[in-house]
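Whole structure, please, built from the sequences with the hints as guidance.
Letter by letter, the chains look like this.
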Amino acid sequence: MLTSIKTNEFAGDKGKELGMMYFRVAIILFGAQLLMGLIAAIQFLVPGFLFELFDFNVARMVHINALVVWMLYAMIGSVYFMLSDETGEQLVHAGLGKLAFWVLTAAVTVVVLVYIFIQVGAGTEASIWLINEGREYVEAPRWADIGIVVVVLIFYWNVFATFMKGQKTGIMTVMVADLLALAGLYVAGMFFTDNISMDQFWWWWVIHLWVEATWEVFVGVLAAYSLIKIIGAKREIVEMWLWIEVLMLFGSGILGMGHHYFWIGTPEYWWEIGALFSALEPVPLVAMFVHVLYDWGKEQGIAKAEGHKGAVANNGPAIAWIVTNAFGNFLGAGVWGFFHTLPQVNIYTHGTQFTAAHGHLAFFGAYATILIGMMYLGVQYAYGIERLKATFKSKMGIFLIVFGVLGMTVALTIAGYEQVLVERAELGAGWTAFFAAQELPWFVQAMVWRAIMGVVTFVGFIYLVWDLLTIGKEQKAAQAA
Amino acid sequence: MANKNVSVWTSIPFWRRSAAWVTGFATILLIWLSFDTLGQISMGTDADLKNGVDKRVPAATVINYKIDYKMSKKRGHEVPVIGEKQPFFGKEWSQKDAAALLHLGKLTSQAKNCMNCHTLLGNGAYFAPDLTKAWLDPAWQKGGPLQGMTGKSTVEEAMAEFLQHPSQYPTHARMMPNLGITADEAKGLVAFLKHMSSIDTNGFPRNFSKTVDQFKAGGTNAH
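Protein chains in written order, with our numbering: chain P, 1 to 481; chain Y, 482 to 704.
The hints are simulated quantities; they were obtained by calculation from the structure and are not laboratory data.
Keep in mind the model is a prediction, meaning the values are calculated, not measured.
For glycine and all other residues, C-beta sits at the position ideal for the given N, C-alpha and C.
Any given hint could turn out to be false.
Stated by the list, open to error - The calculated label-pair distances, taken between Cβ atoms and stated as ranges, are:
#1 Y/Phe495 to P/Thr109: 44 to 54 Å
#2 P/Leu280 to Y/Trp513: 11 to 21 Å
#3 P/Val286 to Y/Lys531: 28 to 38 Å
#4 P/Leu293 to Y/Asn659: 46 to 56 Å
#5 P/Glu9 to Y/Pro651: 30 to 40 Å
#6 Y/Asp535 to P/Ile146: 32 to 42 Å
#7 Y/Phe495 to P/Val345: 31 to 41 Å
#8 P/Val110 to Y/Val562: 42 to 52 Å
#9 Y/Tyr650 to P/Lys473: 57 to 67 Å
#10 P/Val187 to Y/Glu573: 37 to 47 Å
#11 Y/Ser575 to P/Leu280: 46 to 56 Å
To be verified - Some chain Y residues near chain P, calculated using beta-carbon distances under 8 Å:
#12 Val487
#13 Val489
#14 Ile493
#15 Leu510
#16 Ile522
#17 Met524
#18 Gly525
#19 Met596
#20 Asp611
#21 Lys623
#22 Gly684
Unchecked claim - Footprint (simulated), chain Y over chain P, 3 or more residues, beta carbon under 8 Å:
#23 239-247
#24 251-258
#25 371-383
Structure, rendered in structure tokens:
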């Protein structure tokens, strides 16, 4: 089984090979994210679990950092993967790309080991440089921050040089522009200030503008590319949709930033700006949803009219994950986000499990799904399989993961609802109010269900990895027979 | 003629141009608003405090003053109110010392990874209480359970004691771990918390630690 990991039949396509290397690390980090999530979920129920050995703050930090890093790995992998198809050129500096991959992987390993074994430091600049920055999602110590920027610049230069040499499709043009913004924004989170309002103000430039603007555009690009690849959608139609999505995603997402500026010390005019633009943020997600389903149905219809039998998609698991993305992005980012985006509601829901519910479904629905779809595309091409069919393991993987994440989301929503009513509205958010709400049966029950659904998700993950490791070899053998 | 666009709605160049214009416009608006906001959230000075100038984020020397959190009729939500002088750890801190203490506290809050259990200004993790207005929490005031358990007689001493030996003072089965916080770091952290409680957060968290009677009377019990 393990030898199947290294199979590449790209006929010397260096970009695709490099992409597969990134996918492999991504899936390992995804597993680490889930394990850390399980530890954190247990700590809500059994407070003494690993107390003063591996505390919640460590488990949670690795949980969210592994999330961000596996997604960045899978994103970089996806870009390298699609590069030759879109530009018609080979990756120009394959060796440099490989070097950057190993540097990044070594750095990530060191950072994770420091997080796990050293955990916290003294209140000095040295801790910020060497251990962790203690700022949610961007905890990477400063040496690693600088290293990440260097590696990302190498990646960007490589993609940009290849793009300039080859043909400039609409898909690739959006990708190159979006990656520049994605890399540039990271720099906004790299300085220290005593003023926590200022700190949070710039922190959101990384977190919001990344996730709700540049990452969403990135997903639009991947959806466009994979629809062409999997169902043979027409490029003109896909690219027109892509520009419309970019218009709406950036049009709402950039100023949607305002919904994070309600309570961090920033002026009240952000209430109106944040409410208006973040209320518009679900609109492009509806468009993306319609786009994927419409194109799929249309191509299937055309194929049927031409007398072809069977599914139009040449990659069963990938199309399943991409359709899940269309649903998940709209539901998790759109609906669950809109639930609590207006300041009148948000003043009670902000900083409760409501946020966690939205976070779980949005990250999964909007990003994890499509990146897993890209991994299946990778497997299909690595083995040179014409039509990759979903196996029992593929179906168990997608079903259990989706069911698990939806279950966690519902459980956390109930927990958040209870917190809003008891801790926030009734008791006024103090120390005793917080713990009163944490002890109520409805909260505890919800947390039990969250942990159970976390286990379901993890079992689904095992099926997913098992499938990714075996599906290629099996179907290649079946194809040869 | 077959490929000629008959409608602007199916024209790729039209959508490409629109995407560029909308993105550019939104970006410029964000940058413009950011300049205004950055001015408003920059830290005030000691002179502002002495002259009663309200800043959304006051100077570090705000630790020398009593901070309250009161309903503002005009704004329709609670706002921080900076009152008379109040010793912090038994003394008045100079501009330089107060700034150094706040610096130490903010650094410590990051080095100890507070944000991955607690919530600061509503952001962070939700495993432990929101610290945005923790300084004003009635539980830490005289007669409050948290101050009582540490056996100290001021909010700052009680908080500093708790931070150094958190697992000695469990408030709940879910305890804060011992993070090796030194006496100096604990002082810094308390200064950081007091400073954070003076930030104007547009009324967040709403109805902070109040009874209905207090809410109707428009006051707080944070004293």
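### Numbers of the earlier hints that this structure fails to satisfy, in rising order
3, 5, 12, 13, 18, 21 and 25
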